[in-house]
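Visitor: Note that the protein sequences, when read in sequence, are chains A and B. Each position in the first sequence, counted from 1, maps to that position plus 17 in this note's numbering. Each position in the second sequence, counted from 1, maps to that position plus 382 in this note's numbering.
Be aware that a few hints might be false.
Unchecked claim - The following label-pair restraints were derived from C-beta to C-beta distances:
no. : chain 1 : residue 1 : chain 2 : residue 2 : range
1   : A       : Ala59     : B       : Ala526    : 30 to 38 Å
2   : A       : Asp56     : B       : Ala496    : 37 to 45 Å
3   : A       : Ala222    : B       : Thr745    : 26 to 34 Å
4   : A       : Asp56     : B       : Gly630    : 47 to 55 Å
5   : B       : Arg661    : A       : Gln205    : 18 to 26 Å
6   : A       : His307    : B       : Gln680    : 45 to 53 Å
Claimed, not checked - Calculated lysine to aspartate or glutamate pairs in the DMTMM-like style (CA-CA distance at most 20 Å, straight line):
no. : chain 1 : residue 1 : chain 2 : residue 2
7   : B       : Lys667    : A       : Glu128
8   : A       : Lys275    : B       : Glu774
9   : B       : Lys667    : A       : Asp75
10  : B       : Lys650    : A       : Asp375
11  : B       : Lys414    : B       : Glu440
12  : B       : Lys498    : B       : Glu451
13  : A       : Lys234    : A       : Asp375
14  : A       : Lys275    : B       : Asp605
15  : B       : Lys425    : A       : Asp353
16  : B       : Lys436    : B       : Asp555
As the list claims (entries may be wrong) - Here chain A is said to cover these stretches of chain B; the calculated rule only asks that three of the stretch's residues, wherever they fall, bring their Cβ under 8 Å from a Cβ of chain A:
no. : segment
17  : 585-598
18  : 632-640
19  : 652-662
20  : 695-709
21  : 720-729
Hints are computed from structural coordinates only; laboratory data are not their basis. None of the values given here were measured: they were computed from a predicted structure. Every residue gets a Cβ at the ideal spot worked out from N, C-alpha and C, and that includes glycine.
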Amino acid sequence: MSFATTDDHRQLADSLQRMLGEANDFESRRLRLCAAVPDRLALWPQLAELGVIAAAFDDTYLGFAGDSRTVAVVLSAIGESLAVEPYLANAVIAGRILQHSASAHALSLIEACIQGREILVLAHDAGSDPFGVPAVAAETVDGISMLNGRLRCIRHADVASSFLVTCTERGTTSIYQVPRGTPGLDIQPYRLIDAAGAGDLALQAVRLPSSARLTFKDSATEALHDALEWGILGLAAEVAGIVGALNRATFAYLTSRKQFGVTLSTFQALQHRSADMFIAGEELSAAVNHAIEALRAPPHPNRSAAVCAAKVVADVAGRRVGHEAVQMHGGMGVSDELSVSHYMRRLAAIRAELGSADTHRLRFASLQ
Amino acid sequence: MNAAIENAIGGTSESKNWRAQVRSFVQSHLPKDLAQKVQAGLKIEKSDYVRWQKILHEHGWFAGSWPVEHGGQGWSLVKQLIFTQEAAICNGPMIIPYGVGMVGPVIYTFGTDAQKREHLPGILTSDVWWCQGYSEPGAGSDLASLKTFAERDGGYYVVNGSKMWTTEAHWADKMHCLVRTSRDGKPQQGISFLLIDMNTPGITVRPIVTIDGIHHTNQTFFDNVRVPVGNLVGEEGRGWTIAKFLLGNERTSIADTGPKLRLMRHIKSLYAAFIADDRNSLALKSSLGLALADLEIQLLTLCNLEAHYVDVWTSGRPIGADASILKIRGTEILQALSELALQLEGPMAAAHDPADLHLSAETPLSAAQQASLIAHEYLYGRCWSIFGGTNEIQRNIIARAIL
């Protein structure tokens, strides 16, 4: 499933797929995900060199695209090849926040990101609703800011070089850059269901110069909400890539696996379920396209509603196709030796990221 | 909920009294560390299962379904199911079925006196551990197409082929196995039931890690494995009848409501924590509250349906499509329960590390580790609708019975 509409999109998708096809095969992927940094990030310099990170930034910010369709094209290819690298976290979500910031410092961070030198991760925990109030408290006195609080399940905390920590300060949102190793920042790392890493962050009296607080053209809240919406689009596009890959694998299996002397594809019950899997993929494609177009416009309730819809449709389609693909592969579907179960696990991780389907249904309802 | 469940199976004062006896026995004899492991959802090792099964055996609580003459308890079906359910509610580990539930009844029903003398005592003491060899790479749902061949050579069968999904074969001393002894006639007619010592030369056990990242199951290869003819159970070519008998016995306990009731208890504690968190909106709380109520109703109904079928089986109706209904609904409800638990974990639901399954129950688990064990339930839960006869095969059985 591709969201490409121009030759530029298609070239980007082709070169990314070619690179991931060679470097992210099943066995090298498994070894990379078990490895410690820097081996864990072996793919990262290649993504930078290919210009995939730069593709998430527009030319004002040292990139060459930066539009929502390009982001969806890249994430769909990432989903298809099951690459669990910090692309969305770093290039898209942290990238959007930096693009909202007017400072020279933000520009230097973008440059470091694009070159693959820095991996920036948004450290944001607002409970079950990502659009809620940030959990960390910040207070600035005499040019020194003090951060206190806990952040759960920050994806890629294990590989991040720096965190963009969302805070509540004087009743509003602020965002600070907190480099790994800052005194008072404790990271408890653990593994996620898709084999990527995450961590719980504890900030205890983290003292920063107030210059560590990012400045914005508008407000930190607007930057944050915009970045979250782009992140949600990225997840939905990734699900679309996964759903496409799972549907292809399942339909091929049904037309080749024989039981009772016939291929499984001759059973009408399975034909109908395959049709439903295909329908789910088509609906998801439409929902992602709608969100891509919506994100071309400045923030607006209609834009937000399109993004919520994409997350909900991705959740429904991903759940159905993930479970059905496993079930229809029978015993092999639940084996760790086949990629099908790994795709299903990535879908389970996405379901928990950036708000559940119910959270987005409720947000959608509140926007109408 | 609990009162409703407790009255479900049997429904008489006698069965309530039996449940109270089971609870009292399990609470006083189940080792504390084992109960903690089961409650937390940690991995139960072979030595744990053996320890619990030996305790049951020593106190006259093991092999409930076996006739007394063969060393069992001669319990009615109602008593068996109440025991299984209540022991699970009290955090008892499951009874591993491959010996006592599967091959034991086959041996005392179809076996020779010599086979009974050789095999039944080790099953009762849990000193001899069994696995099953049924599915093959090309014979899953279509079991009768199995190809592993046993060729007669003097006093031996020479076995060649491979068996898939031989769960816990890496723990097993012996395997009960379906092999082909003839390629003539209908596929079902050429199948025989063999007992194979896992230490026989020519057997290789290859681990298969499942979706949860854990080694439960295997593929077992047979390369000119010589099995004494005395290990054939029943007549040559009767294997299919014996397999149907064996699987039929297993079908009475297929709803497996005990562990689901235990999981429901855990989900209710997660829900209480979710409600107590002010950051969760009222709307989300009520949405998940409705989902929880819906699942509790489904589980209550499963328990009631199981109780109803137990009644009709006890009054003599043969087990048929009804067991398939319990398998389908039981596995669907288990899967839905684990998904609801993940929703209640919120952003933490993505945490999962297979290594967490081996943590000690003695030290408190972190939030991520607790979430990891829930994710394990979710992942392993996907196996239940596939293993032991897929839900598709169960639906075929129901459709054949009603159309």
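Visitor: CB of A/Asp56 to CB of B/Gly630, is that within 47 to 55 Å?
Guide: holds, 53 Å
Visitor: Within 30 to 38 Å or not, the Cβ separation of A/Ala59 and B/Ala526?
Guide: Since A/Ala59 and B/Ala526 have Cβ atoms about 48 Å apart, the given range 30 to 38 Å is violated.
Visitor: Given the range 45 to 53 Å, decide if the beta-carbon distance of A/His307 to B/Gln680 lies inside it.
Guide: Taking Cβ atoms as reference, A/His307 and B/Gln680 lie about 34 Å apart, which means the hint is violated.
Visitor: Is B/Lys498 within 20 Å of B/Glu451, Cα to Cα?
Guide: holds, 11 Å
Visitor: Next pair to validate is B/Lys414 with B/Glu440; report whether the Cα-Cα distance is within 20 Å.
Guide: Roughly 18 Å separates the two Cα atoms, so the pair holds.
Visitor: With a cut-off of 20 Å on the C-alpha distance, tell me whether B/Lys436 and B/Asp555 pass.
Guide: Holds, at roughly 17 Å.
Visitor: Against chain A, does the segment 652-662 of chain B show at least 3 residues with beta-carbon separation below 8 Å?
Guide: Check passed, 3 qualifying residues.
Visitor: Between the alpha carbons of B/Lys667 and A/Glu128, is the straight-line distance 20 Å or under?
Guide: Distance ~43 Å between B/Lys667 and A/Glu128 Cα, so the pair is violated.
Visitor: Kindly confirm whether 37 to 45 Å is satisfied by the beta carbon distance between A/Asp56 and B/Ala496.
Guide: violated, 59 Å
Visitor: Take the C-alpha atoms of A/Lys234 and A/Asp375, compute the straight-line distance between them, and say whether it is at most 20 Å.
Guide: violated, 32 Å
Visitor: Are 3 or more residues of the segment 632-640 of chain B near chain A, judged by a Cβ distance of less than 8 Å?
Guide: violated (count 0)
Visitor: Check whether the Cα positions of B/Lys650 and A/Asp375 lie no farther apart than 20 Å.
Guide: holds, 19 Å
In summary, the structure is inconsistent with hints 1, 2, 6, 7, 9, 13, 14, 18 and 20 from the numbered list given earlier, while agreeing with the others.
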